[in-house]
Amino acid sequence: MLELRGVQAGYGRIQALREVSLSVGAGEIVTLIGANGAGKSTTLMTICGVVAAQAGEILFEGESLRGLSPDAIVGRGIVQVPEGRRIFPRMSVRENLEMGAYLRRDPAGIRRDLEYVMKLFPILAERRHQPGGTLSGGEQQMLAISRALLARPKLLLLDEPSLGLAPLVIRQIFTIIRRINAEGTTVFLVEQNANQALKLAHRGYVLENGRTVLNDTAEKLLGNEEVKSAYLGI
Amino acid sequence: MVYGIIQLINFAHGEIYMLGAFIALIVAGALTIYGFSGWAILLLAGLVAAVYAAAYGYTLEKIAYRPLRTAPRLSPLISAIGKSLFLQNYVMLAQTPDFLPFPTLIPEFAFMEPVAHIIGSAEVVILLTSAVLMTGLTVLIKYTRIGKAMRATQQDMAMARLVGIDVDRVISFTFVVGSVLAAVGGVLVGSYLGQINFAIGFMAGIKAFTAAVLGGIGSIPGAVLGGLVLGLTEALAAGYVSSAYEDVFAFGVLVLILILRPSGLLGRAIREKV
Ligand SMILES: Nc1ncnc2c1ncn2[C@@H]1O[C@H](COP(=O)(O)OP(=O)(O)OP(=O)(O)O)[C@@H](O)[C@H]1O
Ligand SMILES: [Mg+2]
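Chains as they are written, first to last, in the working numbering: chain A, 1 to 234; chain B, 235 to 508.
Just so you know, these hints were derived from the structure itself, not from any lab.
Only a predicted model underlies this, so the values are computations on that prediction, with no experimental measurement involved.
Cβ coordinates follow ideal geometry from the N, Cα and C atoms, glycine included.
There's no promise every hint is true.
What the hints assert, rightly or not - Incomplete in silico selection of chain A near chain B, CB under 10 Å:
{"no.": "1", "residue": "Met99"}
{"no.": "2", "residue": "Gly100"}
{"no.": "3", "residue": "Leu103"}
{"no.": "4", "residue": "Leu150"}
Take the sequences, apply the hints, and build the full model.
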C-alpha cells in the first residue's frame, strides 16, 4: 500500500532522513520505533508532503506522492495524527471534528462518522461545544484520532499517540487503534514506547539517525537483543 | 484580519482603501458623462472598486507576500512597507499629489429631512453598510466552510494543511475579502469627506490597525469598539486641546494599549509562537 525507497529529507542544511526504506501492506499495523531525534516525525511529515523529500521514492497504491501538496495527499487517503495532537485550540470539539472532514462532500456520511466517533469516545459527545484547547491531554488525543477518522483514511499515520498519557489512557487508546485497524484501516504507528507499540503491531522498523536499520515481525523485534537493550530498557 | 491569520501587518491595506477611492472616482466620472443617476453611480463605482481591489489584493499577496511566507517575520513587513510606498507614489505620479474633489455619491434622502441637522444621509448609509458588512464577515468566519478553514489556518497552519486545507488558497481569499472591505471603505469615506489624495490610505491604515489592536486582534466587535474609542479620543483631543494634535492622541492610545493591554480590550491573551 505504502512504500518508501531510499527517502532523504531534511530542514535546510540539517539532513534528518538519510535512507528510509519501508513498506506498509493493506490491513497491517506497522510501527516505526527509534530514539529522540531519529527522524520519526520527519518521516511522517515527508509522507504527508509537509517536508519535501530530496531523494528516493514514496509510493502509495502504486503512485508516487513526491511533489504532491499536503491537501492532495490527504485527498488520496493518507491522514496523520501529528505529535502533540495539534487540536485547533479555539475551535469547539465539534468544529475540530468537522475540520477532519474538510475535503469530504457527503454530509450524510459525515454525520454518521460523527456519531461513530462519539460512540467510540463518549467524552467527546459530552464536550462537543467546549473549545478543543480546554480538553485534557488524553481527551485531546482522542479528539485528534477522531478528527483523523473523519477524513475516512485508508492509511492512518499516528505520531506518538501515547506521549504524556497515563497508562490507563494509553491502554484505552491502543485498544481503539486495534479496533480501527480491525475495521479495515491500515495503521502506521510511530512510537517511543517500543514495548507497547510492538505488542500492538504486526511488523516493525527501527530508525536510527535517519536510517531504517532493522525490520522484522513485531514478535521477533520484541525478542531481539539489540532492540531489547536500546529501546525496551531490559 | 490578515494580521490575525498570518501575523503580518499588511501596511499596503490602507493603500487598497485609497486605490478603491480613486477607482470609484474615475468610474463615477465616466458614468456621470453617460448620464447615470446618483444611486446607480454609487453602486457601480463601488462594485468596480471592489472587483479591482479584490484582484489587487490577490496579486499583491501572490507576488509580494507568498514568496516570503517562510522567511523571518521582518522580511514580509519590509515588503509590506515597500508596497505601501510604491502604491502611494504610483498614484501620486499617475494622478496628482493634490487633493482631488470627490463627488458626493451618497444622495440625501427626503425622509431624512427632519433629522438632517443631527445625522446626515451619508452617515446613515455608511453606518448601515458597515453594519451589514460586519455581520456578513462574522457569519462568513463563523459558519462557512472557508471561514472555518480561515480560523483553522490562523490557529495552526501546519495542522490545517494536514486536514487537507489548501492554505495558500485560504490566505489569498483572506486578502481578497480584506481588500474588498478596504475599497468599499475608501469609496464611502471619500464620498463622505468629499476629497481624496494619494496619502489618505496611509493614515487610514494606521488608524484601522490602532482600532484593531485596541479592540483585540481577530475580534470583529473588538475592532468596532476600538474604532469608537479611537474616534472619541480624537474628537475629544481635537475639542479640548487642538485639532492639530488629534493624530498625536490617536497614536498615544496605540502606544498605551500596546504597553498596558497588548491583547486589546476584548481580545484574548495570545502567546507569541516560537
Ligand atoms: N522544523 C525543524 N527544523 C530544523 N530541524 C528540525 C525540525 N524538525 C526536526 N528537526 C531535526 O530533525 C531531526 C529529526 O527530528 P524528528 O522530529 O523527526 O525526530 P523524532 O524521531 O520524531 O524525535 P522525537 O522522538 O523526539 O519526536 C532532529 O535532529 C531535529 O532536530
Ligand atoms: Mg517526533
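Verification of the hints:
{"no.": "1", "hint": "Met99", "result": "holds, 5 Å"}
{"no.": "2", "hint": "Gly100", "result": "holds, 6 Å"}
{"no.": "3", "hint": "Leu103", "result": "holds, 4 Å"}
{"no.": "4", "hint": "Leu150", "result": "holds, 9 Å"}
The structure shown violates none of the earlier numbered hints.
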